[in-house]
Amino acid sequence: MSIAPEAFGFVRDLVRRESAIVLSQGKEYLVESRLLPVARAEGVAGIEGLIEKVRQQPHGPASRRLVEALTTNETSWFRDGDPFSALRSTVVPDLAPSRATSRRLRVWSAACSSGQEAYSTAMTLLETPAVADWSIEIVGTDLSSEMVQRARDGRYSQLEVNRGLPASSLVRYFERDGAGWRVNAQLRSMTRFSELNLMRPFPTVGRFDVVFLRNVLIYFDVETKRDILRRVRQVLAPDGYLYLGAAEMTMGVDDAWERVAAGRSSVYRRRKDVL
Amino acid sequence: MSAAQVAGAAPVAMDHVWNVVEAVWESLLGCWPAPAEPVDVQEDWVTAVITVDGDWPGVVALSCPPPTALHVGRAMLDLTGDEPDPEPDDVDDAVREVVNVLGGNVKALVPGGRALGLPALLSGAPVVDGELAGELFIGWPGHVARLGLWHTGPADQLLPIHQHTEQK
Amino acid sequence: MRALVIDDSKTMRRIVSRVLVGLGYEVVEAADGQQALDAMVEGPLPDLACVDWNMPVMDGLTYVTQVRANPAWRGVTLMMVTTESEHGQIVRALAAGAHEYLIKPFTPDALKDKLDLLGLIPVAAGEPS
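If you read the protein sequences in the order shown, they are chains A, B and C.
In terms of the numbering used here, the first sequence opens at residue 1 and continues consecutively.
In terms of the numbering used here, the second sequence opens at residue 1001 and continues consecutively.
In terms of the numbering used here, the third sequence opens at residue 2001 and continues consecutively.
There's no promise every hint is true.
Each pair of labels, with its calculated beta carbon distance range [stated by the list, open to error]: (1) A:Ala261 - C:Ala2069: 36 to 46 Å; (2) C:Ala2069 - B:Asp1085: 37 to 47 Å; (3) B:Thr1080 - A:Ala261: 21 to 31 Å.
For the record, the hints were derived by calculation from the structure and aren't laboratory data.
Glycine included, each C-beta is placed from N, C-alpha and C at the ideal position.
Using the sequences provided together with the hints, build the complete structure.
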């Protein structure tokens, strides 16, 4: 089933208005796969039915769910297990020795969405003995001010904490909060969140030892991807690590990176001969 | 939100109970609920009840028309359109399990919630020896249900739930 | 791989079993902790037991405690699947020896995520393990 151009246009305009994310031509597959479940749950016939419902209630729940379905970064705690075990087994052992005096680690979650990646990073580092008592700062940024606020709050529903989060981590790092859960003060003290548009020049953010840029470059064209990767390199420590999404790679986009063996994760470092 | 908050109300924000309803409907019934206009619980409606024991003892009751109870059964068992209806016993079991999940999550919201009872079914609106502390009307395409939360006495009193009407 | 699904609700047993069968498990059902223990004594040991908390005859916490007290049953992974969702209850269950804890309501994907964390998603027949 292919989404009609007019329907795609409607969805694209709505998403851009509500989230500033641009769904370019070629992203029809994303729209179909993410919106069909939304249409089913809304009890309407397909994407056309969902659009009709949204037209009738332009700021209602269906509209919100449509936008969320298309803009939520699909990381979920440790569900994509590998990036975090790679942090523990490969990245930290490599970075720690040269930081043994400063005992500081800075991480950037560059499409932080509702904060799960940043908090999962915090939980992982707290359980990596080499750096568990270091000064750890995790900065999470996102285009959407709503997402940034959600991340800052650190509140998650019962359904969200069921997804890929070990029960032992839940009880160690979260507290009950109304009908859901909230990350505890320790996790909140290690993280801070702000708005940032990757397409714009980065504000002064200092240098990072690790940057997570997972599943966000898919929204941009090749030129923009290249530019973002170049600017990320500028804020990454010389021996720092870059994480992309599982199916993403720098090959064909930016040849300043080399892939690192880290399980199944898509992890990169600056090539030695590149500044 | 059309949640009714009654005098002497529970130290439970019905907003939180609504969040529980959302989680249950989305995950177990595969649909998204919206607050509905209040409706009277009819004599032929199916009601599932469960007791919550603890510092704030209470009763949670979910009531809905029989076709909605059937819908709940079908949805939980993930039956597609052309599969036959489940047996009545299976529909009853499904509705009891929904109130079980609602009750357990409400137990975590009330102060000092300790023990969850076992769910039971009856017809019509439950008449509870206690104060109605909160009420939600839950709507989704073609359906409506009412969730009531009562504050009852200590657990060693007689079971406080009665049939709404005696059958003559 | 074998699983034991323990819940006094037939509906919930069917929901959990459906996910497990879809992943390739052979599933045996029990309606309370005692039936589950009987099944473990009488039949082949399961790799996984998904157990509700509040059940008549023997509740899930007691079942977990009994299983963990038996050295012969060390290889059985225990996941509680329950509406008990207070922080303290989860701590109790993990302290009693449950390996994982899935809060009701849950989605099939959430159950699969937990199995993935436990390394209990069977490799498809014919694929190298």
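TODO: Would you pick out the hints that fail for this structure and give their numbers low to high?
DONE: Per hint list: single violation, 3.
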